[in-house]
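**Student:** Take the position in the sequence shown, starting the count at 1, then add 12; the result is the number in this note's numbering.
What the hints contain is simulated information worked out from the structure, not anything from laboratory work.
Be a bit skeptical, because a hint or two may be false.
[Stated by the list, open to error] Taking lysine-lysine and the BS3-like style, the derived pairs with C-alpha atoms no more than 25 Å apart in a straight line are:
1) Lys89 / Lys107
2) Lys246 / Lys269
3) Lys294 / Lys269
4) Lys89 / Lys355
5) Lys246 / Lys294
6) Lys246 / Lys212
[Said to hold, decoys possible] Derived DEER-like restraints, expressed as beta-carbon distance ranges:
7) Thr83 / Ala386: 17 to 27 Å
8) Lys107 / Ala131: 19 to 29 Å
9) Thr376 / Gln143: 41 to 51 Å
10) Ala115 / Ala296: 43 to 53 Å
Glycine is no exception: its CB is placed at the ideal position from the N, C-alpha and C atoms.
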Amino acid sequence: MNKKLLSLVLVAALAMSLLAGCGSKEEPKATTAAAADTTAAAADNETEAPADTTAAAGDETTAAAAAGGNTTGETIKVGYAQVGHESDWRTANTKNYQDVFSAANGYELSFVDCDNDNAAQLEAVRGFIQQELDYIVIAPIETAGWDTVLQEAQDAGIPVIIADREIDAPDTLYDAWVGTNTKNEGITAANWLAEYLDGKEANILVIEGSVGASATLGRTEGFNEVAAEHSEWKILDSQSGDFTQAGGQEVMESFIKSYEGQFNVVVCQNDNEAYGAMDAMKAANITYGVDGDVILISYDATHDGLQYTLDGAINCNVECNPIQAEVVAGVIQAMATGGSFEKTTLVNDQAFVAPGIESEYATTMTQEILDGRAY
């Protein structure tokens, strides 16, 4: 893919995403007057969006970026070190990579499910280096501890793309980053809550994601940044549910024992945790959602999560778009053909609310939206 074609592809993808209502490029402020959409590209975001580039890519419409597959005439060998299979989001992300980096598209994909084991992920990357693959893609389980293995890949002359999550390492050690702005996701969730409560008190319980994951850190930071501006809000407790349904249920059961009757908001940092929290609250005869006593906020906006949003069980669901492989393939094609590419590409997100809720920060969920979802 030459430079001109890549530029046209990225422009087309951005235009499509804007037509789909994915939002503006400016970062939401940490106030209730902030921009509504998590699609904002935060070039100055210290934790979630690397600061040197502001390129943005759309949702599943970016499939056009990989429509021609590998154009080099030779099979490109790509290694993908995936976090695991802990959630519906992760399953959708894995399928997206397997579909895009297929033999039919001119790729040979070496895929490793690291099962949320950081040491195993480091070894998977070293295995890719030993296999002398052409490109390495990493969805990092944890943010820290990457410098050594990235230097090994660089010494071997293998380009590395960090995907989905972020790492604490100099950006000179990897070649590109593709993902979502999870701090903005946290800001959007909190801004929506402030709008919905309209000055009422909030006693909040948070079920966080995996410890050390950038998605956990970003969503927590963004939400807390807005929460700090509301003296009528109190975060009663925050514990990790490890992005799993079982973890969400276990944490919620513990919360109910400790804070029964004291909370009116539950924030789950992914849909699977929300399903577990719903199971725990239902067993304890605690009502939630639009007609319940507890406001339920979730992240990811997977198909099932949005079905619960449409049904009114989840009040607000903030998207983290798993359809990222097309963008990664575009970057690899540019690298392979000597074209230009962005160091950082933000994949656009949006937020959804249950029917009957009107919001500046989110789209009201409909059956038509659900039917149009690719994941």
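**Student:** Each hint needs a verdict: does it hold in this structure or not?
**Tutor:** Hint check results:
no. : hint                        : in the structure
1   : Lys89 / Lys107              : 18 Å, holds
2   : Lys246 / Lys269             : 18 Å, holds
3   : Lys294 / Lys269             : 14 Å, holds
4   : Lys89 / Lys355              : 21 Å, holds
5   : Lys246 / Lys294             : 24 Å, holds
6   : Lys246 / Lys212             : 12 Å, holds
7   : Thr83 / Ala386: 17 to 27 Å  : 24 Å, holds
8   : Lys107 / Ala131: 19 to 29 Å : 26 Å, holds
9   : Thr376 / Gln143: 41 to 51 Å : 48 Å, holds
10  : Ala115 / Ala296: 43 to 53 Å : 50 Å, holds
Of the numbered hints listed earlier, not one is contradicted by the structure.
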